[in-house]
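Participant: In order, the protein sequence lines correspond to chains A and Y. First residue of the first sequence? That's 1 in our numbering, and the numbers climb one at a time after it. First residue of the second sequence? That's 1 in our numbering, and the numbers climb one at a time after it.
In short, the hints are calculated from the structure, not lab data. Treat the hints loosely; a few may be bogus.
Distance condition first, Cα-Cα at most 27 Å in a straight line; then the derived DSS-like pairs of lysine-lysine [what the hints assert, rightly or not]:
hint, chain 1, residue 1, chain 2, residue 2
1, Y, K71, A, K67
2, A, K80, Y, K92
3, Y, K7, A, K60
4, Y, K73, A, K80
5, Y, K98, A, K80
6, Y, K77, A, K80
7, Y, K78, Y, K5
8, Y, K92, Y, K20
9, Y, K75, A, K60
10, A, K59, Y, K71
11, Y, K71, A, K142
12, Y, K20, A, K64
13, Y, K13, Y, K92
14, Y, K71, Y, K101
15, A, K35, Y, K39
16, A, K80, Y, K9
17, Y, K20, Y, K7
18, Y, K18, A, K60
19, Y, K7, Y, K92
20, Y, K78, Y, K7
21, A, K80, A, K142
22, Y, K20, A, K60
23, A, K64, Y, K71
24, A, K47, A, K35
25, Y, K99, Y, K7
26, Y, K11, A, K64
27, Y, K39, A, K41
28, A, K80, Y, K20
29, A, K35, Y, K92
30, A, K47, A, K142
31, A, K64, Y, K18
32, Y, K73, Y, K98
33, Y, K73, A, K142
34, A, K59, A, K47
35, A, K35, Y, K35
36, A, K142, A, K67
37, A, K41, Y, K35
38, Y, K77, Y, K92
39, A, K35, A, K67
40, A, K80, Y, K75
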Amino acid sequence: MDRRKFLGVGLAAFAAIVAPTTDLRALNFRTTAPKAWEVEKTADGIKALYGSAGTKTSKKLTFKAPKLAENGGSIPITIKSSLDLESVAFFQDANPRCLSCVFSIPEGAIIEYDFRVKMRQTAFVTVVGKERGTGVLYSATKEIDVSIGGCGG
Amino acid sequence: MAKSKMKIKAKEKGGVVKVKAMFTSLMADREESVKKGIKPEYINHIVATVNDAIVYEVSMSGFMSENPLVKFKFKGKKGDTISFTTTDNNGKTETGKKKIK
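Extracted from the complex, chain A is given alone in its bound form (with noise of 0.2 Å):
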């Protein structure tokens, strides 16, 4: 073989052996469960995205959200957890698609993420967290008053 062609072998196999081990790392839940992101209602993005509908409702996931937010553009948004959580999902039934963000929990991390959402309409937001190991759905719902729609609405 050609010393040329053989470097040049070995460079793309090496880059095949590199290339899915950091995919692997990150997992993004746009390409692992695609059709979890275009669902309208709440009850089927949770079937999409963990295989099950059923959840129960625990003290030790919560999450904070205002009551009454006066700006649907911009809703703080609070998730809490003390479980050992694997994802957590957050879910509203304002917009088109019920999906807003999943997040996908390292190992010992600390369970307390904030972020903002937009919200067209008063609406149930849900929060949903998988168990480690076990693969129990636990789940926690709030209803959002929104009096200027986000969204371009």
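Given chain A, put chain Y in place with the hints provided.
Facilitator: Here is chain Y on its own, set in the frame of chain A:
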């Protein structure tokens, strides 16, 4: 196209690092982009790493607020560097780094 900018603040106290990060993105999903007459453009994946270990990871849709601001905590120490990578719906990636204070 929005100017690429990433603001990161990371501070350590008692073994826990508090991080605040702001990303520049229009966060325009399909419906909103039609109204504004622009192409859909939103960040759909953010990863933060320290010493090659993931400390924060989120996949999201265009229903997060414009210029998303995220806050989180993790166990870490001073002097380490936290680096963020964001991917948007068009496949564009951006990275930002910051030393933990």
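Participant: For each hint, tell me whether it holds in the structure or not.
Facilitator: For each hint, the structure was consulted:
no.	hint	in the structure
1	Y:K71 x A:K67	holds, 21 Å
2	A:K80 x Y:K92	violated, 31 Å
3	Y:K7 x A:K60	violated, 32 Å
4	Y:K73 x A:K80	holds, 11 Å
5	Y:K98 x A:K80	holds, 25 Å
6	Y:K77 x A:K80	holds, 22 Å
7	Y:K78 x Y:K5	holds, 24 Å
8	Y:K92 x Y:K20	holds, 22 Å
9	Y:K75 x A:K60	holds, 20 Å
10	A:K59 x Y:K71	holds, 22 Å
11	Y:K71 x A:K142	holds, 21 Å
12	Y:K20 x A:K64	holds, 18 Å
13	Y:K13 x Y:K92	violated, 34 Å
14	Y:K71 x Y:K101	holds, 16 Å
15	A:K35 x Y:K39	holds, 22 Å
16	A:K80 x Y:K9	holds, 21 Å
17	Y:K20 x Y:K7	holds, 8 Å
18	Y:K18 x A:K60	holds, 21 Å
19	Y:K7 x Y:K92	holds, 18 Å
20	Y:K78 x Y:K7	holds, 19 Å
21	A:K80 x A:K142	holds, 14 Å
22	Y:K20 x A:K60	holds, 24 Å
23	A:K64 x Y:K71	holds, 14 Å
24	A:K47 x A:K35	holds, 10 Å
25	Y:K99 x Y:K7	holds, 12 Å
26	Y:K11 x A:K64	holds, 23 Å
27	Y:K39 x A:K41	holds, 25 Å
28	A:K80 x Y:K20	holds, 16 Å
29	A:K35 x Y:K92	holds, 22 Å
30	A:K47 x A:K142	holds, 19 Å
31	A:K64 x Y:K18	holds, 18 Å
32	Y:K73 x Y:K98	holds, 15 Å
33	Y:K73 x A:K142	holds, 24 Å
34	A:K59 x A:K47	holds, 22 Å
35	A:K35 x Y:K35	holds, 25 Å
36	A:K142 x A:K67	holds, 8 Å
37	A:K41 x Y:K35	holds, 23 Å
38	Y:K77 x Y:K92	violated, 31 Å
39	A:K35 x A:K67	violated, 30 Å
40	A:K80 x Y:K75	holds, 16 Å
Hint check: violations occur at hints 2, 3, 13, 38 and 39; the rest are consistent with the structure.
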